[in-house]
Amino acid sequence: MLRIVAADSGAAELDSNFSVKSIIATAAVYLGFPYKRPIDYICLTKPFDPDSSEYVVRELELAGQLAKKHKPDQIHIDISLGGIRLEDLNREFLEHAKISNRGKQQLLGVLDKIREVGMRIKKETGSDILFIGKESWAVRIAELTTAACAVKYGVEKALQGEPVIIGLPRRCSITITRDYVIARSLFYDETDIVGYIRYSVPNDVIISEFPNPLAMGFRAIKIQRM
Amino acid sequence: MLRIVAADSGAAELDSNFSVKSIIATAAVYLGFPYKRPIDYICLTKPFDPDSSEYVVRELELAGQLAKKHKPDQIHIDISLGGIRLEDLNREFLEHAKISNRGKQQLLGVLDKIREVGMRIKKETGSDILFIGKESWAVRIAELTTAACAVKYGVEKALQGEPVIIGLPRRCSITITRDYVIARSLFYDETDIVGYIRYSVPNDVIISEFPNPLAMGFRAIKIQRM
Amino acid sequence: MLRIVAADSGAAELDSNFSVKSIIATAAVYLGFPYKRPIDYICLTKPFDPDSSEYVVRELELAGQLAKKHKPDQIHIDISLGGIRLEDLNREFLEHAKISNRGKQQLLGVLDKIREVGMRIKKETGSDILFIGKESWAVRIAELTTAACAVKYGVEKALQGEPVIIGLPRRCSITITRDYVIARSLFYDETDIVGYIRYSVPNDVIISEFPNPLAMGFRAIKIQRM
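Protein chains in written order, with the working numbering: chain C, 894 to 1119; chain R, 894 to 1119; chain G, 894 to 1119.
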């Protein structure tokens, strides 16, 4: 059955009033049947401005990197355009797309770059590139994976100084095991779906999770040295 | 308290790329307090084109058939028009309704038929006929029931040849018991709600369930002979 | 971290056809880290017409009363205006807000009163007043608390005569313990979040909970004397 690489960006660094300072992570995941957890993944934790549009190209590049290794049937990029293929994504389509004006302007600004990078990836991998966003469960698993990646980033930052607060993706909860950081979904139909990274959180780090009171559906974690 | 008959169509046959080939089942259910599982049900598994509008009349006919037996207070049909009564459903109302243009054209095309069949049912049963769709928990239980019906259809088809892939209704999961196929809801506030049919799945059939990677919120099952 | 008072109105008295007769309760809650249950709360159970707009001022007054005691950083009022502050809420803002026309008219009608009461509370408490509605988890906890308050109201009314049917807030379920009425959330990412009141339900009262068949996502309880 269908083999898929999907990419998404997520997990925010928050200030003590729970305002977003930056988006921390981009993750690409490789999935096959039964589509419940990544067979392979890569993470990039380089915080970027939530208002910039650079993340789209970053997701595409990261997905391309993983796709070169696995040659999947499809690549899913987290832009909710109903699953349109790269070949059909052009200025005219975007202008008529049912997305916010701000999102539209952002995408139009990087459209040429998206097409250039996308065409190169398609040539190298033979994969169909779909802009499918939140309709894709593969993108959701990439989203969960960003949370696991962001925990590692937060732990390393907190070890150097102040506590770090991370806003997790919607309906996501973190479980720490000896060898893994696991990001579980808190949608009841996704209890068998996870993102994860292989990473051992040092023993002198405390991670506490709580609902973000200003953003229903979202949890936050506070990471601090003991 | 209120006794209700509700009808819905659902469960899709998918190809190996998870594209919808047809909608498999229509179910009508009869519910009374405490509205958690059908007291009675009927199923029709005759696949139809997802783009056709014939399903509305089919739902109405099936609901009418069950309603004749139970004389409920209300009949709920799965069209999300805010619970409007049959008597008030006319061309003018539909033209101003907040539904997609495509849905509107489809409904306008079968409106006369809906009114004709509906009026006959109302006369025979004394029940109020409401177009309430996804706001009704009774319609949701009919939707779950279509999943159970579709499993039987899929098993019988798979026994004759190739594996069958069925896309379940949103947030639905199948449990097979000795005498029943049970369709549970995967909404966390619906854990006590089920649809079911009485049917024993043969022992040489394997059913595996997995998230449909292209449709977040939806699971699929693969049915095959051992 | 942030300390918050939030207010909401909810829980409806229903007739035997599940139509709303009135909204029963307004609750204000005081929350601190980790934002999972109220540290303190107050309830007002004085049924009001669901079509009136008086509830906004009532929520503000109740929140103000609790805020005077706790001097929180923020006060959250259940109007979904994206978290706008009291100081920025004016006629022009409301006229351009993306809310229903009916909601807009209602708010415009009580805007002067909102500003007057709000300014007084801000002066007395030093708290920022935000109109944030369903995006705030604090407002959600206030919403759950209205359900617990409404149970007490319903029990006292049922003890005097006829059974009472209460429509709970969306995705909410009631648990009765010896000393508390607890309103749990039925969102799977809110299993650690509750509202509650201290109240002992008399032993000769029977409370049964069931899905409201006409309102998906909502449960109802029937309260009656033994």
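Any given hint could turn out to be false.
For chains that are exact copies, the list does not tell them apart, and a pair is met inside one copy or across any two.
[What the hints assert, rightly or not] When the alpha-carbon atoms are kept at most 30 Å apart in a straight line, the in silico DSS-like pairs for lysine-lysine are as follows: (1) K1050 to K939; (2) K1050 to K964; (3) K939 to K962; (4) K1115 to K962; (5) K962 to K1045; (6) K1027 to K929; (7) K1045 to K991; (8) K997 to K1027; (9) K914 to K1015; (10) K1115 to K929; (11) K914 to K991; (12) K1050 to K997; (13) K961 to K1016; (14) K1006 to K1050; (15) K914 to K962; (16) K1015 to K962; (17) K964 to K914; (18) K964 to K1115; (19) K1115 to K991; (20) K1045 to K1016; (21) K991 to K1027; (22) K1027 to K1006; (23) K991 to K1050; (24) K929 to K961; (25) K1016 to K997.
Since the hints were derived computationally from the structure, they do not count as laboratory data.
Now for the hints, and whether the structure bears them out:
no. : hint           : in the structure
1   : K1050 to K939  : within (12 Å within a copy, 51 Å between copies)
2   : K1050 to K964  : neither (35 Å within a copy, 33 Å between copies)
3   : K939 to K962   : within (23 Å within a copy, 44 Å between copies)
4   : K1115 to K962  : between (35 Å within a copy, 28 Å between copies)
5   : K962 to K1045  : within (24 Å within a copy, 41 Å between copies)
6   : K1027 to K929  : both (16 Å within a copy, 28 Å between copies)
7   : K1045 to K991  : neither (36 Å within a copy, 39 Å between copies)
8   : K997 to K1027  : both (17 Å within a copy, 26 Å between copies)
9   : K914 to K1015  : between (34 Å within a copy, 28 Å between copies)
10  : K1115 to K929  : both (27 Å within a copy, 15 Å between copies)
11  : K914 to K991   : both (28 Å within a copy, 26 Å between copies)
12  : K1050 to K997  : neither (34 Å within a copy, 46 Å between copies)
13  : K961 to K1016  : within (10 Å within a copy, 61 Å between copies)
14  : K1006 to K1050 : neither (32 Å within a copy, 48 Å between copies)
15  : K914 to K962   : neither (34 Å within a copy, 32 Å between copies)
16  : K1015 to K962  : within (13 Å within a copy, 59 Å between copies)
17  : K964 to K914   : between (36 Å within a copy, 27 Å between copies)
18  : K964 to K1115  : between (38 Å within a copy, 24 Å between copies)
19  : K1115 to K991  : neither (37 Å within a copy, 34 Å between copies)
20  : K1045 to K1016 : neither (34 Å within a copy, 43 Å between copies)
21  : K991 to K1027  : both (14 Å within a copy, 23 Å between copies)
22  : K1027 to K1006 : within (22 Å within a copy, 38 Å between copies)
23  : K991 to K1050  : neither (39 Å within a copy, 40 Å between copies)
24  : K929 to K961   : within (22 Å within a copy, 45 Å between copies)
25  : K1016 to K997  : within (27 Å within a copy, 42 Å between copies)
The structure fails hints 2, 7, 12, 14, 15, 19, 20, 23 (numbered hints given earlier, in ascending order).
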